[in-house]
Each structure stands twice: as structure tokens, then as C-alpha cells.
Amino acid sequence: MKRATPYLIFVLLAIACFSVATTLQSRVTAWNNGHDSDSVMKVLLGDGRRIFANQAFVEADVYFHAGYYPSVFDQSQAPKDTRHLTAKEGSAEEEEHERQMNFLGPPADWIERFGRHFLITEHEHLGGGKEREILPWLKLSAELDPQRIATYTVAAYWLRKELGKPAEAEQFLREGLRNNPNSYELLFELGRLYNENYHDRARARNVWDLALKRWRTQEGNKKEPDNQSLEEIAINLARAEELDGDLRNAIVHLEIAAKVSPRPDALREQITEMQRKLNSASPTPEQPRH
Amino acid sequence: MNIVFALAGVVMKEMYRRKDFYVLFVLTAVMTLMMASVNFFHDAKVVRIIKDVCLLLIWLSALVIAVTMTARQIPAERENRTIFPLLAKPVSRVQVVLGKFAGCWFACGLALLVFYLFFILISGTRENYWPMLQFFKAIWLQWTMLGVVVSLVLLGSVVFAAPSSNATICFVVIAGVLLLGRHLNHLAVQQAEPLRTVVYALYFMVPHLEWFDVRDFVVNDRPLPGLVDCGLATCYAALYSAVLLFATWLVFRRKALNQ
Amino acid sequence: METILETKNLRVEFKAQHSRGARKVAVDNLNLKVGAGEVFGFLGPNGAGKTTTMNVLLGFVNATGGDAFLFGVNVREPIARQRIGYLPELTYYYKFLTAEELLRFYARIFKVPRAEVDQRIDQLLKLVELEHARKRPIKTYSKGMQQRVGLAQALINNPDLLILDEPTSGLDPLGRMKVREIIQRLKSEGKTVFFSSHELGEVETVCDRVAIINQGELKVEGRVDALLDQYHSNLEQIFLKIIGYQPQLAAL
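The listed protein sequences correspond, in order, to chains A, B and C.
Everything in the first sequence is counted per our numbering, starting at 19 for the first residue and increasing by one.
Everything in the second sequence is counted per our numbering, starting at 4 for the first residue and increasing by one.
Everything in the third sequence is counted per our numbering, starting at 15 for the first residue and increasing by one.
Chain A extracted, bound-state conformation (with noise of 0.2 angstroms):
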């Protein structure tokens, strides 16, 4: 008997605490207010994980530049958007992107210029399907902070153009759209993936017109709005429109490119041209839908 009783008092504990855990369970889950349990990341890191979302997503950046990014300490020099990330080549986005990751300056001295051998020095982004190296660090950079948008965006744009993959980027770019349901960038995204990869422009149309509508919620009242989003919604459904013979509304849509695109003179040409199309067409006017 004697010899049992550490066992027995070991036993006794452990159903001791087993008891006090069930009991305290519904107590923690009232305090949660009925939430359920989050993500290993946030229970982790709480709050703090989106410092860790912001390096991984400034890791998926250095992943594309095949390593050649300024250090901390060049961070002045880094890129100021991610807008390159998705930008074609010979683009305005492109070049001025050119000129800022020109950080390295000539060497100082001797081992700097001997220690520029071991560093990686020429710029280059990657192709050719090599692009699906920056997806881990965007997926990570979504699980840590979901209300990033611009980690959707870059991901299902890489997925859907390079990659051949349209049916993951559609799904997470409704992953985003479950944790920003009011986002008017990933609803242009969506609208892009139905428009170009699955040639569906009806959806792709109500899709943009979606993020038309939540632009204006967001954005119409502010000093200093996104015209640069407003104009590739904007210009994206007048295309569509176009190209389903409904002028009337891709003119409209022009026009509200026009206002304020930097370099409004080519679409002010575009909407003449629609224009008098419009008008050596049917004489009965259609409404336009805004």
C-alpha cells in the first residue's frame, strides 16, 4: 500500500485537474464572448503578427528579386509600393521601379568592394514560372494579417497569369474577400480572373460593377481617394461593356476615368470615338445604368 500511494496521489491530481479544466472550459468560452478559438498565428503572436506579415510579404518582394534588395538599412531605397510586383514590362510602374532598386552606389572602400563579390548585385525578377517561389511568403504574409490586400492581389494575379493556376487564385482571393468583404481591389481582381482566365465577362461585369459601388462607399468621401484604382475599375468595365455593345455605359465609365486618370487626352479620344459610333448606331437611346 505504501508503495501505491505516490501513484495514487499522482492519480488523484490528475483527475483533479481534469475536472477543473472541464468545469473552467464554458467559463473561458463566455469570456471569449462565444468566439472560437483562432489561429496558431494569433495565439501566438496576437496583435504583433502583422509586423511578421509585413516581413513575409517584404520576403515574397526579395523571393521576386531572386535576392538583390536593399538591407535595412538601404530601406530608404526599397520600393515604396508593390505595385511592380505586377507590373507589365515597359510600364511607367516598371521603370520607376528600375530607378529605385538601383540602391548600390559605388563601393567605399576595399572590403566593400571585395565583399560585393559574395553579395548579390544584379537585378532581376523572376519568369518563366518561377514566380510560384513568392507564394509561401504571401500565404504566410495572409494567414498573419488577413486585411493586407495587396497580398491577395499579387498572389492571385501571379497564380492566375503565370502559374495556370485561375481556380486557386479564385479561391483565395475569396478567402480575402471573407476577411475584407468590403474591399473594392480584391472584387477588381476577382473580376479580372473571371474576365480573362474564364472568359466569363457577365460575371466579371457585375463582379467590377460590385467594386464600382464599394469604391464609392470607401473612397468617394476622402481628401486624397485612389483614382488609380477608380481608373482601372473604370476603364475595365467600359472594355467589357464595349465589347458586349453597350456604349452608352462604357462611356460613362470613360468619362469616369477620364476625370481622373494623369493622361486623360487617349481615353477623351476613345470616348469621341465610342461616341460616334454611338451615334451612327441604333437612334433609340439606351439608359445608362449609372
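Certain hints may be false.
[Claimed, not checked] Capping the alpha-carbon separation at 27 angstroms, the derived lysine-lysine pairs in DSS-like fashion look like this:
(1) 149(C) - 22(B)
(2) 255(C) - 233(C)
(3) 258(B) - 140(C)
(4) 22(C) - 258(B)
(5) 241(A) - 231(A)
(6) 179(A) - 48(B)
(7) 258(B) - 29(C)
(8) 48(B) - 148(A)
(9) 157(C) - 22(B)
(10) 140(C) - 153(C)
(11) 16(B) - 29(C)
(12) 140(C) - 16(B)
(13) 277(A) - 295(A)
(14) 255(C) - 38(C)
(15) 109(C) - 192(C)
(16) 153(C) - 201(C)
(17) 153(C) - 16(B)
(18) 192(C) - 16(B)
(19) 16(B) - 157(C)
(20) 109(C) - 22(B)
(21) 153(C) - 22(B)
(22) 149(C) - 192(C)
(23) 38(C) - 233(C)
(24) 16(B) - 22(C)
(25) 149(C) - 258(B)
To be clear, the hints were calculated from the coordinates, so they are not data collected in a lab.
In this text, all values refer to a predicted model and were calculated from it rather than measured experimentally.
Got chain A sorted already, so can you dock chains B and C onto it with the hints?
Structure of chains B and C alone, referenced to chain A:
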């Protein structure tokens, strides 16, 4: 040299009979395999993040092995009193220093080989691409860097009383050099005198271990530095190791070993 | 007779631990000579300077003044220790090595020819009765076994001079007898043995000559039989008298 290699052999035996190396290797392998098993948008060809994580773990493990193993060599000999039967033989103190250095450095090399074999297996099977010269350069550069680390820690072991304080200080110094070494000259320019001179002096004095960290090249499939540059870096590391070992001998030869 | 071990005006000072600037003299003007083939006992109370003297002979500590020589070579040279074997009082060896590996390591340091190493290791392990445990790591050994390993490593190079620091300390009577037998055997082979011990009965039996030091100074040195004749008492009584324990006997 026979005595130096005999001492080195004992150090290496100690390494593979202790548990540290196996624990770190298993940890590295498990974490890498876990990362490799994660599904990223149903794309099985994602490899760079796995290489990155694996190489980071290898670097951390190698540094832990090098620092902890070296930090306890001479202090443990004194504490366990094994230094007395050793020095009662025709063994000079310089041979003890060289023997400990050689043992720790070769042991690190052995550990690196095992770690990198695992890395090459994971990377090669995923990418179907086996750039053996690249891997060899990466291993060589890292091993050379560990020579400087071992000699630095060995110096610390005869200066500081406790292996734990030596290890902590060395970890901080090594991390500082790896993270900041490249940027000290730019930092110096931003300071006012006399801090500017101090930082500049540090910049020229510290061993630039960051040169030997070529993980970015391996992860991003960039061509590694040429053989000439690797050779020059090796000479640089050898010079620093020699200076640190000489300093170690200068301190150790004067130490009274009272029973 | 060839002088195997010699100290000339040996002086060792240390910084005193609790007084600033003061120095403690551990060994003061010590002059010793040990000839070839002698068994020499180095005696003194605790703190007399015996271990310090041995530390100087073995190169662990540098002398503040004077010199020490082994086989005519200054002890500061590592080569002075090529022909000696040393058994410390506290026997600690690399716990992760086996007895065989330890002996092989030390044999390599002494540059014992490869052809001889295996044979010598076998002989020594048989001598110290550790054959059954030769493949086990030393950390699994008992204290007695560790001391026997110590004896084996002290003999690995077939030394001409054996320096033993309290060789029978902690040993049972059987172990002590074994050590005595080994010393006698070495003596019969013409080897020199220099050892310190508190077992004065044993010293009296085994030693040819003894030296007694106290407070760092050599108090008496000479053949055991001559001292016994001179003082008409046993070695223990002589020791106590020399160190001043029984002042009434000093008048004798």
C-alpha cells in the same frame, strides 16, 4: 603535428559521442521535412523557401555546435582536471591550443557535411538539379568561416571564466558581425566624431564573416563567387584565425594551472 | 650517479588571495637532487609546498625564481617530460573515452611506435586488471578503476622517471599493495620514482631517500636508513619532530 592531430581526434570523438549534434540534426531534418510537406496552392515545385529554411537551420546549428563545443574545451579540461595528465606529457600549450582548434574545426566540418548531404538530397530531389560545385563552394566558405568562429571562441575560453558567458558573448559578437558587418562603414558616416572613428575602426578590424554567407546565392540559384574570390576569402579567414589563435596562446601560456 | 631530477634555488610565489599586493611564498629556495634508480619520497604536511613543487616540475606553473630540471632539461621545455610518467592524486580522464582509447591517445603523444602500442596496452591493462573493462567508457568506472587507469597511463611510455602524487590515496589495502609492488618492480628495472605521500609507513618501507619540506622550505633530506639511525625513531616521529609538532623531542 602528430600531437595536434591526436588532440583533435579526442575532440572529434567527444563531438560524436555527445547528443548535441544529433539533436540539432534531427531538429533541422524534421523542420525541413515539415516545411516540404506543406501545400502551397497545390504546387509541388515550390523549393526556394524549403532551401532557405533548411540553410538557415544549418547555419544556426553549425554556429551552435561550433560555439558551444569550443567554449567548453579548455575550461572543461581545467574543471575536470584532465589538463594535468595531458600537460604532464611532452605537450606544449601551443599544441593544446592548436589541437583544440583543429578538433573543433574538423568536427564542425564533419557536422556540416552531414547537414549539407541532407540539404542536397532535399534540394536535388525537388529541383532535379544538382549543382555540386555550387554546393561545394557554399560548404567550403561556411567551414572556413567556422574556423574564425572557433578561434574566436577559443580565445574567449581562456579570457572568460565561465563557458556560458564566453558562449553568450561570442554569439552576440558573431550575430552582430553577420548582420551589421557589411553596413558599419555606412553607419559610421552617419555618426559624429569620435563615434565615427570608433565605428570605422570596428569596421576595419572585425572579421567580415558575412562574406561567407552565400545562402542567397544557393537559394536563388545565382552563380556563386568565383574560385579566385573564394580563395582570397579563405586566405582572409586563415589570417584572422591565425591572429586569434596566436592571441589565445599568448594568454594561455601565462595561465598558472594549480592543482 | 646520473641526476634525473633537480631543483636549484627553486622559488614560487603567488599573489595572496585576501591581501592586496602581498605575495605568498609557496616554495622557498628549494634544492633537491634525485639520482637515477632511486625511490624518492617527498614529504610534508598539507600546504607545505609539495604539490607546488610538483606543479613546477610538470610545467603547470612557472617558477618565480630558480630552475628545475628533468634529465638535465629545463622543465619549461615540453621535451623534458618525454621520459616521465605522472599519476595525479585525483584521477580524472576523458570520461567519453574507453581505457583502451585513452592509452592509445597518450601513446600517440609519446610517439610510441605503432607496432608496440597494442602490445603495451595489453600488458598494462593486464597489469592493472582492467582487461575486462577496456571497451567501456571511463565514466562507467568506479574510483578504484579510474585510479588503475591512471596508473596505466602513467606507464604507457615505459618511463624512466615516475612522478606519483599520493599514489595510494583512496585505495583499499589490496590496491595499496599493488602500487607498492609496481614501485618495487620499477625500482628493480632501474627506474626512478619520485612520489609524495602521507602514508609514512609505506614511505619508510619503499623509499631509498626522502625529503621533508615545511612552509616551502626543505627541512631535511637524506637516506631513510640514515635518518632512522640519526633520530632513533620511526619516520613518522621524525616527520612530526621536523615540522615542530612535538617540541619536547627537538632537544634529543
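Hints, one by one, checked against the model:
1. 149(C) - 22(B): Since the Cα atoms of residue 149(C) and residue 22(B) sit roughly 20 angstroms apart, the hinted pair holds (cutoff 27 angstroms).
2. 255(C) - 233(C): 11 angstroms, holds
3. 258(B) - 140(C): 38 angstroms, violated
4. 22(C) - 258(B): 23 angstroms, holds
5. 241(A) - 231(A): 18 angstroms, holds
6. 179(A) - 48(B): It holds: about 17 angstroms lies between the C-alpha atoms, which stays within 27 angstroms.
7. 258(B) - 29(C): 13 angstroms, holds
8. 48(B) - 148(A): Between residue 48(B) and residue 148(A) the Cα gap is close to 9 angstroms, so the pair holds against 27 angstroms.
9. 157(C) - 22(B): 25 angstroms, holds
10. 140(C) - 153(C): It holds: about 20 angstroms lies between the C-alpha atoms, which stays within 27 angstroms.
11. 16(B) - 29(C): 38 angstroms, violated
12. 140(C) - 16(B): 25 angstroms, holds
13. 277(A) - 295(A): 22 angstroms, holds
14. 255(C) - 38(C): 25 angstroms, holds
15. 109(C) - 192(C): 24 angstroms, holds
16. 153(C) - 201(C): Violated, because 32 angstroms separates the two Cα atoms, which is more than 27 angstroms.
17. 153(C) - 16(B): Between residue 153(C) and residue 16(B) the Cα gap is close to 15 angstroms, so the pair holds against 27 angstroms.
18. 192(C) - 16(B): 32 angstroms, violated
19. 16(B) - 157(C): 23 angstroms, holds
20. 109(C) - 22(B): The given pair, whose Cα atoms are some 15 angstroms apart, holds under the 27 angstroms limit.
21. 153(C) - 22(B): 16 angstroms, holds
22. 149(C) - 192(C): 23 angstroms, holds
23. 38(C) - 233(C): Satisfied, since the Cα-Cα distance of roughly 19 angstroms is no more than 27 angstroms.
24. 16(B) - 22(C): At roughly 42 angstroms apart (the allowed maximum being 27 angstroms), residue 22(C) and residue 16(B) break the hint.
25. 149(C) - 258(B): 35 angstroms, violated
Going down the numbered hints, you'll see the structure goes against 3, 11, 16, 18, 24, 25, while the others check out.
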